[in-house]
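Start from the sequences and build out the full structure, keeping to the hints where you can.
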Amino acid sequence: MKKQAFTLSVFITLFWACTDLSQQETRVETAPELYVPPISTTLNVGSFPQPERNPMSQEGVLLGKKLFFDPNLSGNGKVSCATCHQPQLAFTDGVALGDHGVTGAKLDRHAPPLFNLAWNTNGLFWDGGAHDLESLNFGPLTHPDEMGADLNALLTYLNQEDEYLDLFEKAFPKSPIQSASISQAIAQYTRTLISQTSRYDLWKNGKTELSSLEIKGYKIYQAACASCHEEGLFTDQEYHNNGLDESYPDPIDKEGIFLGRFRITQDSLDLGAYKTPSLRNVTLTAPYMHDGRFATLEEVLDHYSSGIQQNSSLAPQLKGGIPLNAEEKQALITFLQTLQDDQFIQHHQQDNPDLP
Amino acid sequence: MKNISYLFLAVLFAFASCDKEDETPAQMNVEITFENTLNGNPLELNQENFTLPSGEPFMVKKFKYYISNVVLTDTESATQYIENDSYHLLGQDFNSVIDLGMIPSANYDQITFSIGVDEVANSRTDQTGDLDPNNDMAWNWNSGYKFVVLEGEFTHQSTQERTGLIFHIGTNSNYATVTLPLSGVMAGKASSIALETAIDELFSNPNILAPSNMASTTVMGGPVADQIGQNYAEGFIKAN
Chain P
1 MKKQAFTLSV
11 FITLFWACTD
21 LSQQETRVET
31 APELYVPPIS
41 TTLNVGSFPQ
51 PERNPMSQEG
61 VLLGKKLFFD
71 PNLSGNGKVS
81 CATCHQPQLA
91 FTDGVALGDH
101 GVTGAKLDRH
111 APPLFNLAWN
121 TNGLFWDGGA
131 HDLESLNFGP
141 LTHPDEMGAD
151 LNALLTYLNQ
161 EDEYLDLFEK
171 AFPKSPIQSA
181 SISQAIAQYT
191 RTLISQTSRY
201 DLWKNGKTEL
211 SSLEIKGYKI
221 YQAACASCHE
231 EGLFTDQEYH
241 NNGLDESYPD
251 PIDKEGIFLG
261 RFRITQDSLD
271 LGAYKTPSLR
281 NVTLTAPYMH
291 DGRFATLEEV
301 LDHYSSGIQQ
311 NSSLAPQLKG
321 GIPLNAEEKQ
331 ALITFLQTLQ
341 DDQFIQHHQQ
351 DNPDLP
Chain L
1 MKNISYLFLA
11 VLFAFASCDK
21 EDETPAQMNV
31 EITFENTLNG
41 NPLELNQENF
51 TLPSGEPFMV
61 KKFKYYISNV
71 VLTDTESATQ
81 YIENDSYHLL
91 GQDFNSVIDL
101 GMIPSANYDQ
111 ITFSIGVDEV
121 ANSRTDQTGD
131 LDPNNDMAWN
141 WNSGYKFVVL
151 EGEFTHQSTQ
161 ERTGLIFHIG
171 TNSNYATVTL
181 PLSGVMAGKA
191 SSIALETAID
201 ELFSNPNILA
211 PSNMASTTVM
221 GGPVADQIGQ
231 NYAEGFIKAN
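If you read the sequences in order, they're chains P and L. Quick note on the numbering used here: the first sequence kicks off at 1 and runs consecutively. Quick note on the numbering used here: the second sequence kicks off at 1 and runs consecutively.
Among these hints, one or two may not hold up.
[Stated by the list, open to error] In silico contact screen, one side only, chain P against chain L (beta carbon under 10 Å); selected entries:
{"hint": "1", "residue": "Pro49"}
{"hint": "2", "residue": "Pro51"}
{"hint": "3", "residue": "Arg53"}
{"hint": "4", "residue": "Ser57"}
{"hint": "5", "residue": "His131"}
{"hint": "6", "residue": "Thr142"}
{"hint": "7", "residue": "Asp150"}
{"hint": "8", "residue": "Ser179"}
{"hint": "9", "residue": "Ser181"}
{"hint": "10", "residue": "Ile252"}
{"hint": "11", "residue": "Glu255"}
What the hints contain is simulated information worked out from the structure, not anything from laboratory work. Note that CB positions come from ideal geometry on N, CA and C, so glycine has one too.
Structure representation (structure tokens):
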């Protein structure tokens, strides 16, 4: 197979050598080079998936980053993606339900942290309603209570800014600025938010030691949490009803938002089910759950120990709860602290020019 | 070998030019026009003189729909024209024509198209043209498109109040394929195929919907949306 690929590349090179040189040069100039970020083995992922229609380039990432932090994308010029996804909080906003959108209305779900999104290939949003980042971005961008953008007005704005014209030309040389490329650039940027340099990762790579309490916590994690928060990404990318409520309100004007993934699949087993969030950076992403109902990790562990609400869609592995004593909870939280990735946070501050 | 085929082409060409009178051109220009109606009357936006099948006075403020995957068939010669990348957003005070341009000549006597967007195109929204999300037809909670949008105000039968009515219909199960017979399309002649939508059909056949009795007059998915989807699958678009 390798040999075939080599032969093929020789042929391609020969073919290229025969083609008009000037043509070749323009091609090199216009098509941005594919960029694949380095991936730590501690993420436990095979490769870096990216959709064929939106290959990542340094140019695209640079553009996406500018868009991500630009409040002019919003309907009132005051709300950027980063308003609810702040780098220092692992790209979440620190409140249960945000009201920082253009209308100031309180949202119905907690802003999820953003990292390791490239591997979120089983649906995005808490209920998995978005199929990929390229499609997802239009959600918060146009939602009337979030950024409230008018995409046509947004195109007008971008076409008036020399810097954007230049960045779009470099990232997407083949097309004028359009809604699709706005979202594709933001998707390229958010795919570069890769958290893989926590103390846990260093430990796994043999570059640091964990304390005996941290290791005790790691063992408790493996026994009690890892079936859903699978080691590596620390999520199984699946949807589970983790026993937060016995029943779910369904007010007619909310279009099933409190029903969990049921809203997407209409499957009664998905009632109250939400995507397993990663445990990476969990010390930075309080409050917890899809509605931010738990302020601290202690409250979360209390829920799993003794607060599970039983109903027919409850995840079977939670039927008996996860009984942990105070000592075990403390050890577990000590381990979870090793998943905080300060290098990731530092690297992705808005003013760091290094990309990605 | 090459020479022979050139010769053949030349002969063919000469033959074709001698016989011009009887030959139908290889291509013909075809367009499809849509007229929107309610209870048989041409639709006008923001006009109060319309009535729903259930009797409520009704004013339409917005009416848009996707038509996709257009196919023309000449059943006699089994010739088909399949439009590529066939996604068209139509609506009142909006696009009302699908211009197929020059297509192979045939006596097309059947048209097939779908209401909505097929599962593949409906799986993502970073698309261009009529599928560009700036057309205000992309969902913001789910990747995909609204297939049929009807927004308006009706007078509620019990409260007599002006009440908003919003139908945003569009999940993969609401994708409906329609085949209609055509008459008058002749090989080689420019043709305009006139189709008609009937908004009243969204409220009836097989499911009768009376907005004054509906638990919610905002329908964006769920069982009522599926009922509306069943309603538009048949009789909603007819040959004019």
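Checked hints:
Checking Pro49 (chain P) against chain L: minimum C-beta separation of about 15 Å lies over 10 Å; hint violated. A hinted interface residue such as Pro51 (chain P) counts as satisfied when its beta carbon comes closer than 10 Å to some beta carbon of chain L; here the least separation is about 8 Å, so the hint holds. For Arg53 (chain P), the suggested interface contact is upheld, since its CB lies about 8 Å from the closest CB of chain L, less than 10 Å. For Ser57 (chain P), the interface hint is violated, since its Cβ never comes within 10 Å of a Cβ in chain L; the closest pair sits about 16 Å apart.
The interface hint given for His131 (chain P) holds, since its Cβ lies 4 Å from the closest Cβ of chain L, which is under the 10 Å cut-off. Taking 10 Å as the C-beta contact cut-off toward chain L, the hint placing Thr142 (chain P) at the interface holds, the least distance being around 5 Å. For Asp150 (chain P), the suggested interface contact is upheld, since its CB lies about 8 Å from the closest CB of chain L, less than 10 Å. The interface hint given for Ser179 (chain P) holds, since its Cβ lies 5 Å from the closest Cβ of chain L, which is under the 10 Å cut-off.
Residue-level restraint check for Ser181 (chain P) holds (minimum Cβ-Cβ distance to chain L is 8 Å; threshold 10 Å). At about 4 Å, the closest approach between the beta carbon of Ile252 (chain P) and any beta carbon in chain L falls short of 10 Å, and the interface hint on this residue holds. Using the Cβ-Cβ criterion of 10 Å, the hint placing Glu255 (chain P) at the interface with chain L is satisfied: the shortest such distance is roughly 6 Å.
Violated hints, in rising order: 1, 4; the structure is consistent with all others.
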